[in-house]
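K.L.:
Sequence:
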Amino acid sequence: MVTLQEVEAWALALPEAEQQPHFEKASFRVKKKIFATLDTAKKKAVVKLSAVDQSVFSKYDPAVIYPVPGAWGKQGWTAIELTKVRKTMFKDALYTSYANVAPKALAEQVNKGRSL
1421 MVTLQEVEAW ALALPEAEQQ PHFEKASFRV KKKIFATLDT AKKKAVVKLS AVDQSVFSKY
1481 DPAVIYPVPG AWGKQGWTAI ELTKVRKTMF KDALYTSYAN VAPKALAEQV NKGRSL
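Per our numbering, the very first residue in the sequence shown carries number 1421; after that it's consecutive.
Don't read these hints as lab results, they were simulated from the structure.
Ideal placement from N, C-alpha and C gives every residue a C-beta, glycine not left out.
Incorrect hints may appear among the rest.
[Stated by the list, open to error] Each pair of labels, with its calculated beta carbon distance range:
hint, residue 1, residue 2, range
1, A1461, P1523, 24 to 34 Å
2, E1528, K1462, 28 to 38 Å
3, E1428, K1504, 17 to 27 Å
4, V1472, E1528, 11 to 21 Å
5, A1491, K1532, 31 to 41 Å
6, K1524, E1444, 27 to 37 Å
7, E1444, T1503, 28 to 38 Å
8, L1432, K1532, 17 to 27 Å
9, K1504, A1525, 27 to 37 Å
[Stated by the list, open to error] In silico DSS-like links for lysine-lysine, alpha-carbon gap of 25 Å or less:
hint, residue 1, residue 2
10, K1453, K1511
11, K1464, K1452
12, K1445, K1507
13, K1464, K1504
14, K1511, K1451
Using the sequences and the hints, build the whole thing.
P.N.:
Below, the structure written as structure tokens:
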């Protein structure tokens, strides 16, 4: 299980990440691009993944990590149930999302610190 506070702390620890409102949710952005949103009421996060990454993460457990329904999911937006996901799996998805959205130099900073 991942807490709302952990999501916020991990997202904001990424280089140049900022938190801003996004409708009724919190969004986490790098250079004005959203890499994750947090729905505190539903205890769910949404991250932006490539089609390949989305497929890989969704195979972990489709009840825990799954494409957002409709066109948003086809664009890589992927929902994560925070009450069911392992911390390591969530952090991996969050960092992958950040690396997909961030400028190359910032993404490389995060990828260097990860054990792949």
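K.L.:
With reference to the structure, classify each hint as holding or not holding.
P.N.:
How the hints compare with the structure:
no., hint, in the structure
1, A1461 to P1523: 24 to 34 Å, "32 Å, holds"
2, E1528 to K1462: 28 to 38 Å, "33 Å, holds"
3, E1428 to K1504: 17 to 27 Å, "19 Å, holds"
4, V1472 to E1528: 11 to 21 Å, "19 Å, holds"
5, A1491 to K1532: 31 to 41 Å, "34 Å, holds"
6, K1524 to E1444: 27 to 37 Å, "32 Å, holds"
7, E1444 to T1503: 28 to 38 Å, "19 Å, violated"
8, L1432 to K1532: 17 to 27 Å, "19 Å, holds"
9, K1504 to A1525: 27 to 37 Å, "34 Å, holds"
10, K1453 to K1511, "19 Å, holds"
11, K1464 to K1452, "22 Å, holds"
12, K1445 to K1507, "21 Å, holds"
13, K1464 to K1504, "10 Å, holds"
14, K1511 to K1451, "20 Å, holds"
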